[in-house]
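Protein chains in written order, with our numbering: chain Z, 1 to 540; chain H, 1 to 317.
Source of the hints: derived by calculation from the structure; they are not laboratory data. All values reported here derive from a predicted model rather than from experimental measurement. Please note that the accuracy of each hint is not assured.
[What the hints assert, rightly or not] What follows is a list of derived Cβ distance ranges for each label pair:
1. Z:16 / H:10: 31 to 39 Å
2. Z:76 / H:129: 49 to 57 Å
3. H:239 / Z:296: 41 to 49 Å
4. Z:329 / H:143: 35 to 43 Å
5. Z:135 / H:115: 52 to 60 Å
6. H:207 / Z:127: 26 to 34 Å
Ideal Cβ placement from N, Cα and C applies to all residues, glycine included.
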Amino acid sequence: MNDVLRVRDLGVRFDTEAGEVTALDGLSFSLGEREILAVVGESGSGKSTMAMSVLRLLGGAATVSGSVELEGEDVLALRGEELRRVRGKRAAMIFQEPMTALNPLQRIGAQIAEALRNHDPEPERLTQYRDRVRELLERVEIDDPDRRMRQYPHQLSGGQRQRVLIAMAIGCEPRLLIADEPTTALDVTVQAGILDLLRRIRDESGTAILLITHNMGVVADIADRILVLRAGKLVEQANSAQLFAAPEQEYTRELLEAVPLLGGRAEPSTVDDNGPALELERVTVRYGGGVKAVDEVSLRVGRGELLGLVGESGSGKSTIGGCALGLVRPESGAVRLFGTDPNRAKRREALELRRRIGVVFQDPGSSLDPRMTIGQCIAEPLLVHREGTKSGRAKRIAELLDAVELGAGVADRFPHELSGGQRQRVSLARALVLGPDLLIADEPTSALDVSVQATVLALLARLHQELFFGCLFISHDLAVVDNVCDRVAVLNRGRVVEQGERTEVLGHPSEDYTRRLVLASPVPDPVAQAERRRARTGEA
Amino acid sequence: MLRYLTRRLVFAILVVFLVTVLTFVLLHLLPGGPARGILGMEATPDQIARFNQEKGFDQPLYTQYWDYLVRLLHGDLGDSYTKNEPVSALLAQRLPKTLLLTVIYTLIGIIIALPAGIWQAVRRNRAADHILTTLSFLLYATPVFFLSLLLIILFSQVLPWFPAQAAQDESLGSVLADPGSLVLPIVAGAAAVVAAFSRYMRSSTLDNLAQDYVRTARAKGTSERRIILRHVFRNSLTSVVSMLGYYIPVIFGGALVIESMFNYPGIGLLFWSAAQEQDYPVLLGVVLLIAVATVVGSLLADLAQLFIDPRVRTAKR
């Protein structure tokens, strides 16, 4: 097998205001024809830096050392025009956020045509490449290519945009495709389609694929070989089956153990009925007179119960969270918090209802006020509801910071001084400061690395045991919900398609949509994943 | 789209209406009143009373305003107190000259500013960028009247290249017949436009150069030149275009100073002398004109945005 890519002793340093930072150190590996090599690691491991450095896309602040040989030619030695000729021709790249990765003001067709024109020895007008663009759009299975190529990126869905990026990348038939988190911004069902497409491109054209991802399920689905990175250094490399079955390094093992498993918790949950905390009865929400965001949804979260609300983007998950918080007014139907409709309650009553709810949002970076100290952030609900004396509040903050395992010492620090996981602990502390009877957690761990997610989820479970609040847990991740919740409701296009006990709904789904969702969620086990792939695609 | 445009238009008319109310009230709150201004300090209370009665100034303000508004809708802006001419005629005579001056210096300014801004962004933090940045800050910080004075001293007094004032004839033709007299006012006006817009363009280009789509373009082998011309330029233009719409009052404000410095017989000079003579109808007329220009300007900017940016087009449908 010929090596398409050979990386030797790759090092990347960034010149920052805080001094020099080493992002990659002494990384060596190679990638053969037809091979899919996955590079995994948590944020800050240097995996994206590595991907960028292959095509020298890191910009002026980076110093790259070592060698990157693409079909025998050292990319790091190339300059100007020579480098331009390699980019997109010998190796092409697929990026993470397909919305921002496309020029918002240029038509899809023109953007793909430009990739072709860039490597045409006799460049023509972009419109001259129309036939080839149509072929490419057909190859990445975009419906109605003639219409699509006249459209702008914002008129396409996330999955279609990712396909456009892939079409752009395979246009010049590169020997190497570098895919940097190509499915991270997508729903699981869309993700499955993109992974199938990448696999097919490899099978048909023999393209080597360097896949950067943090998702072990994706890795198990598609990778032949795996590279584990940590803090810019290679931890371990092995073929897929071997790495999942018997990781050699402690860090790899920890990483794999942190991944929540769908179906990993066998015993069904039993929760005594202690009366409802939150009830939604045939709630319908419509935004701006358009389509229904939420359509006749009925839900119930009992006191002390954890209800998981799962669904893909745009299914109405967060809108339901908003209804429960009284931030979104339903068009019809009833919302009841502890038996009272917050939309009909008097001011004082509504305030009292809010006192009994805590909320944690997805992005801890933006849901904490950057100009407030951690202590002030946590104390704010107490001040709003005029609770406690100054010293009493300080004591409560210290208690909570202990409870979320941060320690009272961080009270005087600012959000930006903490890591993402630490900030989410602060959000949790703030949500719990009033001792709520209901917690609404909207994708609380989606922005976190798996190892951090595992600790936050463990913390949530522990606090739930101690404080016994009802919880509406909103997530797109079935495995997380399976590990955290007692009951599950599955949402599709604003409707609840299925709801019930966790092991029932996720283990033996009765609805077709749930079944598809479960099968599309990749599990971190190559053998099981291959089976699921067969079940999903109906291959022999 | 049509609904959006209608809404936008109704809103624009409302703004103009509010401007007429505001300027009307403000001008009538000025001490002295027009009678004193026109009849002079020696006028007897009797004369003033008679004047006020004649002109309707003894009526309550809302009646005066209503009369003003009704006449306005008939295109009648009233008569100048001091020039014995209808305000509309004065405006019609002066406006083309001001338009000539402002359009030329704005265009020249933009034509210089856009490439300069892009060039600075591409050479960010290098010597060329620093020099241009210093220059544009210097220009930005220099008051227009001071720059005009400098220009007059340097290029009219020391080096007698251009005249220090424009032709004083009533017609536009006479101004055009003597293009040399336009050079210094245009340079003064364009300098301010260059200073402001090269900064906008620089930061807008820098923002866009850091976007993901530029990285994509690079990754597919697009040349830097093409990235700038085909991708970054148009994206950067969107924010600059809307800025230009809101910049119209500033350009008019600049014209006011420039016209009085170079004795250029446009709207600015008219406003200047009317303010000194407390010529209410003329003041109101000019303010109204500027208000309309501002509203139309931001409307045009929004329309241009619709034209440039397909996302706005979809959102407003």
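Hint check results:
| no. | hint | verdict |
| --- | --- | --- |
| 1 | Z:16 / H:10: 31 to 39 Å | 52 Å, violated |
| 2 | Z:76 / H:129: 49 to 57 Å | 28 Å, violated |
| 3 | H:239 / Z:296: 41 to 49 Å | 43 Å, holds |
| 4 | Z:329 / H:143: 35 to 43 Å | 53 Å, violated |
| 5 | Z:135 / H:115: 52 to 60 Å | 39 Å, violated |
| 6 | H:207 / Z:127: 26 to 34 Å | 30 Å, holds |
Checked against the numbered hints given earlier, this structure breaks hints 1, 2, 4, 5; the rest are met.
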